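4 protein chains.
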Amino acid sequence: MSSSFGQLFRLTTFGESHGPAVGVIVDGCPSRLALTEADVQRDLDRRRPGQSRLVTQRDEADRIEFLSGIFDGRTTGTALAMMVRNADHNSGAYDHLRDVYRPSHADWTYRAKYGIRDHRGGGRASARETIGRVAAGAVARRLLAELAGIEVLAWVSSVHDIDTDLDPATIEFAAIEADPTRCPDPGAAARMTTAIEDARRAGDSLGGVVSFVARNVPAGLGEPVFDKIDADLAKAMISLPAAKGFEIGSGFAGTRQTGLVHNDPFEPGTDGAPILTTNNSGGVQGGITTGSDLVGRVAFKPTATISSEQKTVNTDGEAITLAAKGRHDPCVLPRAVPLVEAMALLVLADHYLLQHAGDILPR
Amino acid sequence: MSSSFGQLFRLTTFGESHGPAVGVIVDGCPSRLALTEADVQRDLDRRRPGQSRLVTQRDEADRIEFLSGIFDGRTTGTALAMMVRNADHNSGAYDHLRDVYRPSHADWTYRAKYGIRDHRGGGRASARETIGRVAAGAVARRLLAELAGIEVLAWVSSVHDIDTDLDPATIEFAAIEADPTRCPDPGAAARMTTAIEDARRAGDSLGGVVSFVARNVPAGLGEPVFDKIDADLAKAMISLPAAKGFEIGSGFAGTRQTGLVHNDPFEPGTDGAPILTTNNSGGVQGGITTGSDLVGRVAFKPTATISSEQKTVNTDGEAITLAAKGRHDPCVLPRAVPLVEAMALLVLADHYLLQHAGDILPR
Amino acid sequence: MSSSFGQLFRLTTFGESHGPAVGVIVDGCPSRLALTEADVQRDLDRRRPGQSRLVTQRDEADRIEFLSGIFDGRTTGTALAMMVRNADHNSGAYDHLRDVYRPSHADWTYRAKYGIRDHRGGGRASARETIGRVAAGAVARRLLAELAGIEVLAWVSSVHDIDTDLDPATIEFAAIEADPTRCPDPGAAARMTTAIEDARRAGDSLGGVVSFVARNVPAGLGEPVFDKIDADLAKAMISLPAAKGFEIGSGFAGTRQTGLVHNDPFEPGTDGAPILTTNNSGGVQGGITTGSDLVGRVAFKPTATISSEQKTVNTDGEAITLAAKGRHDPCVLPRAVPLVEAMALLVLADHYLLQHAGDILPR
Amino acid sequence: MSSSFGQLFRLTTFGESHGPAVGVIVDGCPSRLALTEADVQRDLDRRRPGQSRLVTQRDEADRIEFLSGIFDGRTTGTALAMMVRNADHNSGAYDHLRDVYRPSHADWTYRAKYGIRDHRGGGRASARETIGRVAAGAVARRLLAELAGIEVLAWVSSVHDIDTDLDPATIEFAAIEADPTRCPDPGAAARMTTAIEDARRAGDSLGGVVSFVARNVPAGLGEPVFDKIDADLAKAMISLPAAKGFEIGSGFAGTRQTGLVHNDPFEPGTDGAPILTTNNSGGVQGGITTGSDLVGRVAFKPTATISSEQKTVNTDGEAITLAAKGRHDPCVLPRAVPLVEAMALLVLADHYLLQHAGDILPR
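Residue numbers (numbering that gives the first Met the number 0), protein chains in the order written: chain R, 0 to 362; chain A, 0 to 362; chain W, 0 to 362; chain Z, 0 to 362.
Hint data in this document are derived by calculation from the structure and do not stem from the laboratory.
A couple of the hints might just be wrong.
Copies of the same chain look alike in the list, so a pair counts if it works inside one copy or between any two.
Quick list of in silico lysine to any residue cross-link-like pairs, SDA-like style, CA-CA up to 20 Å [to be verified]:
(1) 324 - 45
(2) 324 - 313
(3) 310 - 264
(4) 310 - 201
(5) 310 - 150
(6) 310 - 269
(7) 324 - 276
(8) 310 - 267
(9) 310 - 64
(10) 310 - 277
(11) 324 - 308
(12) 324 - 166
(13) 324 - 257
(14) 324 - 259
None of these values were measured; they are calculated from a predicted model.
Working from the sequences, and respecting the hints, build out all of it.
Set out below in structure tokens:
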């Protein structure tokens with residue numbers, strides 16, 4: 000189970016890499032939201048393969064089709080279904096993987112779990128599953144913009160050992176999209192490009208970190224105890240393929256500060272809402288938004304698919320060597336950016352509705 | 000909402016720091032599990048205040064009482080309720096906080112969310128809420144031991160800038176419990192003790208990292224897409240008070256390796272199950288357990304409560320200064336160890352049942 | 000599993016007939032609702048045994064205790080826990096039932112399901128579990144009154160073959176509570192009383208029907224497809240002990256009308272909201288409230304516990320005869336009235352919040 | 000929200016009457032189940048319009064397409080998506096309904112809830128939504144047959160005032176399908192046919208009752224308190240379009256028996272499992288299956304769409320008259336049969352997996 004995410008703004012995805020289609024049902028999107036396929040296509044185009052020479056050359060147009068939930072250009076409030084047909088599913092290319100467990104893929108674990116496995120391109124574990132997430136995230140983006148002018152951005156803040164030191168408060172969408180790396184620091188972006196191309200040539204791959212920020216987030220989003228907004232963000236991000244770490248605010252680095260430095264002082268603000276003069280909390284205290292920007296980071300491991308030879312075993316338990324053929328990303332980071340945005344948008348939309356639901360009695 | 004966690008092994012907690020009681024309902028624990036209050040008390044005693052001079056001196060016996068779900072020393076399969084009365088709730092000590100927002104606590108955010116706040120000791124955001132989690136975790140511990148000999152351990156792997164370099168595979172419970180810091184490296188433990196005592200004297204506080212390992216975990220636990228076992232662990236851990244970061248396996252450090260190094264090679268094993276010769280994956284691939292140890296880390300920020308003076312505002316929006324009085328932990332790490340164990344146990348128990356539910360047709 | 004009910008206004012109950020306590024956690028009650036233990040006690044007093052000679056003489060004060068979620072007389076928005084200690088748990092009286100399956104009780108089915116059974120007074124299947132429901136329902140009653148002046152009433156509309164013909168639109172609380180039968184038709188109430196007392200003397204028992212009405216329900220509550228408000232009411236009601244049938248509006252009788260008669264014509268109303276001139280729909284069309292009164296009925300079978308001799312088997316599979324000893328209700332109907340009200344209130348509160356959550360964009 | 004149903008065997012439907020497609024995602028179907036599109040088509044063909052002159056002549060082939068979750072003719076254990084394209088969506092035929100509230104349809108309530116409405120053929124409230132349910136139910140049918148030889152049948156037991164008196168224990172599939180009414184009593188079927196044709200000619204419509212039975216159901220399915228199997232069946236059935244009443248076992252009629260007659264005596268059986276010599280319980284005691292056949296009934300109101308003139312109002316609040324044009328069923332009962340079966344199958348599959356999940360420790 001578990002193809003669903005969210006409580007009130009709830010998505011359910013379907014589809015494998017080499018089946019007929021991938022898609023998503025969004026249940027709980029409020030009615031009367033103006034929404035077009037172009038709103039969704041825009042984000043899908045940022046996710047799709049073949050955008051630049053840095054990413055996989057699998058050629059998919061990834062055209063979104065609305066199947067239900069829209070009438071006269073507005074959401075009806077009922078289940079919104081969206082689908083993308085898999086065009087370029089060259090399944091034969093995967094025949095040699097039928098009996099092989101690729102290292103650090105989900106091949107062995109799916110086999111262990113299900114006793115059966117769709118070996119074609121990762122099946123359900125394929126990154127193509129994230130098309131549904133990005134489509135749903137695009138709907139959440141429209142909703143949050145309309146409700147509260149909330150804006151979510153993500154960018155590549157490191158690749159391998161190439162770091163950046165950027166202020167999340169000042170990053171702009173245009174600067175992110177200006178380079179195929181989706182790193183808004185041009186110097187670092189150039190070095191990342193070289194590193195990624197070197198890795199590809201070496202039959203190797205690189206990982207890195209995607210950072211995200213959400214702006215104009217009102218104070219009060221997030222539920223106490225288990226459904227803290229940062230806990231839901233953590234789950235959302237770690238559910239992405241290849242994600243191995245999550246930080247909110249100061250994260251692991253914050254453990255090396257003392258409380259006196261780490262605590263975010265309050266100053267008087269307007270309308271009775273205090274202002275935080277620093278943001279080590281990353282916009283969340285006690286699992287609930289403070290009104291400052293929501294800021295976090297997600298670690299993605301180096302791509303598991305590499306063209307160098309690796310030791311592995313086949314389904315008969317025999318030792319073999321394997322070298323990946325075909326198209327793959329030597330570094331998923333640029334394409335992970337819209338995924339991180341989508342997950343942050345989905346969590347925010349869900350918590351926005353949850354907060355609205357509960358805040359019903361007069362103050 | 001959101002005082003519940005888990006799908007099949009599901010807990011719901013209640014209680015505030017200074018209300019009459021805290022507790023938990025565990026719904027979905029299989030019937031026929033032998034369980035005594037002593038099984039639960041053992042873990043609660045590791046969580047309770049006043050264990051050592053390193054932690055808060057609030058004196059609570061934290062005696063567990065079973066309210067339902069047990070008959071003749073075994074679980075009945077129905078809702079298992081457990082409660083601890085709050086004995087030492089010296090509420091008057093918090094009167095001066097009624098109108099104050101403590102920096103980096105949940106005071107302002109609860110007020111923003113609910114328009115009302117129980118200011119006494121953090122109310123629902125208090126670490127006392129975790130009593131219910133630890134009690135439920137103790138039940139999960141018994142269940143997992145019985146089902147598959149699964150063992151979960153956590154320990155303090157860093158405090159502030161004092162790091163350890165320990166192999167998760169060899170850590171023993173006795174070594175962890177041998178020192179009040181719950182750091183199984185005696186040299187590091189001694190330095191941590193000094194650092195924590197220095198911080199207390201300086202009116203300051205420290206953070207750090209808790210590591211965890213789960214052993215004897217069968218391959219196949221975890222659900223694809225959203226309810227990946229590492230995604231659920233991420234949510235579970237970040238839902239803990241003061242948690243700011245989560246890593247599974249190689250985590251952020253793994254982003255600085257290349258794929259060739261990071262990929263875990265397979266070797267032939269017994270019974271058709273391959274063996275992973277390294278464990279950068281942390282025991283999870285594609286969100287599903289590999290059969291290797293589950294390994295991860297959780298970052299906890301320095302305690303927000305400090306006795307040094309800090310700038311803040313009151314509920315009238317006026318700038319004030321605040322210095323914490325009374326009992327508090329200068330470093331939560333030692334007491335966070337049983338919390339991290341509890342959350343790992345709860346996630347494992349839930350996924351063990353989920354996998355059992357689905358694996359029903361003949362292989 | 001399954002001790003929880005509701006999506007946004009969510010209760011989780013615990014407790015057995017002869018354990019230490021029964022109770023409930025309500026998660027999702029909006030903050031700032033004024034609530035006292037007296038508000039809850041009032042409904043519990045209508046449910047408790049020993050109210051009249053018609054019902055079981057088990058003597059329980061059923062005193063509610065708030066354990067969390069209330070501060071300064073208002074809900075905090077966090078988990079609201081309520082508990083009633085079991086005072087009169089004379090467990091020894093059940094020793095003779097340890098190895099017996101009572102006909103039409105849950106004895107055999109619990110044993111079949113769990114392989115273990117708390118034989119004392121029905122254990123978790125006891126009607127005492129409903130204390131938690133009634134307590135939670137009392138909170139929902141206060142909330143709905145505050146939000147929209149919604150009022151929910153239930154009453155006994157038939158006992159065995161004694162029927163009433165009352166107009167749900169005109170029933171008053173005082174008339175219901177005026178008689179121990181909770182039948183607001185005094186003639187029928189008198190006949191019911193005689194029938195119940197006759198049944199008791201004969202070592203037999205009676206069933207009947209409880210009707211309910213909800214007034215001032217706004218149009219638009221209920222979710223399409225599966226979480227229709229009448230579907231949720233059906234589940235809520237059939238989850239009550241001894242419930243065997245549910246009707247909304249015209250119910251089974253409506254199947255004997257034709258469409259021309261059954262359809263509820265619309266007439267122009269005020270504010271653009273049409274008026275339904277009849278209410279065969281029972282206040283629900285397409286699973287969503289029309290703005291008319293919500294009207295339904297619940298069938299309760301005759302009490303399974305009777306003092307006449309019955310054929311049954313013991314846990315060794317031997318044929319035996321059994322005659323109930325001790326206290327029991329020859330007819331549960333009067334005490335089922337507050338249960339039906341509670342379930343209707345819980346469903347309405349949940350759907351009120353769901354509708355508020357989704358109705359967020361400007362009309 | 001709420002297009003999802005079930006906890007472990009969970010479906011999520013999408014689609015409107017006159018959108019591009021309708022369909023369903025089934026999440027949680029165990030892996031390794033042999034499944035073909037023909038398995039699903041068989042049930043869809045029993046649901047589709049145009050089967051006989053008794054039902055609507057809308058001509059839809061309703062061809063199922065698998066979109067995901069199947070590999071090499073077996074379920075993979077991941078999300079199983081199925082879709083049917085809407086072929087005959089003659090939307091223009093509904094233009095005259097754009098501004099009209101049809102009596103006893105969901106027109107007014109959707110408008111009240113959402114502030115927007117897809118007026119074409121009922122939109123999401125259309126009976127075409129049930130295609131997804133029937134498709135998912137067909138998967139459940141295969142699963143239950145494989146797991147335990149469970150068989151579910153439904154049939155028309157009354158239309159308007161034409162009743163049958165059939166023993167659920169002896170009904171056969173072939174007898175049900177032998178007549179377009181799906182009433183296995185040929186005499187009653189003939190009278191029903193006449194009545195339905197008379198109603199159509201009179202511009203009127205009829206309701207009735209569908210009965211169902213599930214055979215070979217093991218004891219122990221169903222969860223206590225809220226997720227009783229009969230409570231879930233009640234919700235499932237009342238969520239069907241036009242359903243107004245639900246009974247399990249003796250239902251409303253049972254309230255007119257006394258306990259002595261109503262209680263089902265136990266007799267010694269084999270393997271320690273007692274046998275119930277009667278089945279007033281309908282196969283459920285305390286919400287859990289007894290091992291006897293599961294037996295229940297569902298009331299469906301007369302079709303709301305009739306060609307006679309009716310009083311109603313338009314969206315401007317003006318009184319108008321309306322007479323339905325086009326194709327519609329004068330009696331939904333024959334086509335409701337596969338819907339009732341589907342819902343029973345879905346509930347059983349879900350509870351079978353729930354019981355398997357919990358029954359994990361040695362007995």
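Okay, the hints, checked on the actual structure:
no., hint, result
1, 324 - 45, "neither (25 Å within a copy, 48 Å between copies)"
2, 324 - 313, "within (17 Å within a copy, 63 Å between copies)"
3, 310 - 264, "between (53 Å within a copy, 6 Å between copies)"
4, 310 - 201, "within (17 Å within a copy, 54 Å between copies)"
5, 310 - 150, "neither (45 Å within a copy, 30 Å between copies)"
6, 310 - 269, "between (62 Å within a copy, 17 Å between copies)"
7, 324 - 276, "neither (52 Å within a copy, 24 Å between copies)"
8, 310 - 267, "between (61 Å within a copy, 10 Å between copies)"
9, 310 - 64, "neither (42 Å within a copy, 40 Å between copies)"
10, 310 - 277, "between (49 Å within a copy, 12 Å between copies)"
11, 324 - 308, "within (11 Å within a copy, 62 Å between copies)"
12, 324 - 166, "neither (39 Å within a copy, 36 Å between copies)"
13, 324 - 257, "between (50 Å within a copy, 18 Å between copies)"
14, 324 - 259, "between (54 Å within a copy, 15 Å between copies)"
Of the hints listed earlier, those the structure fails to meet are numbers 1, 5, 7, 9, 12, in rising order.
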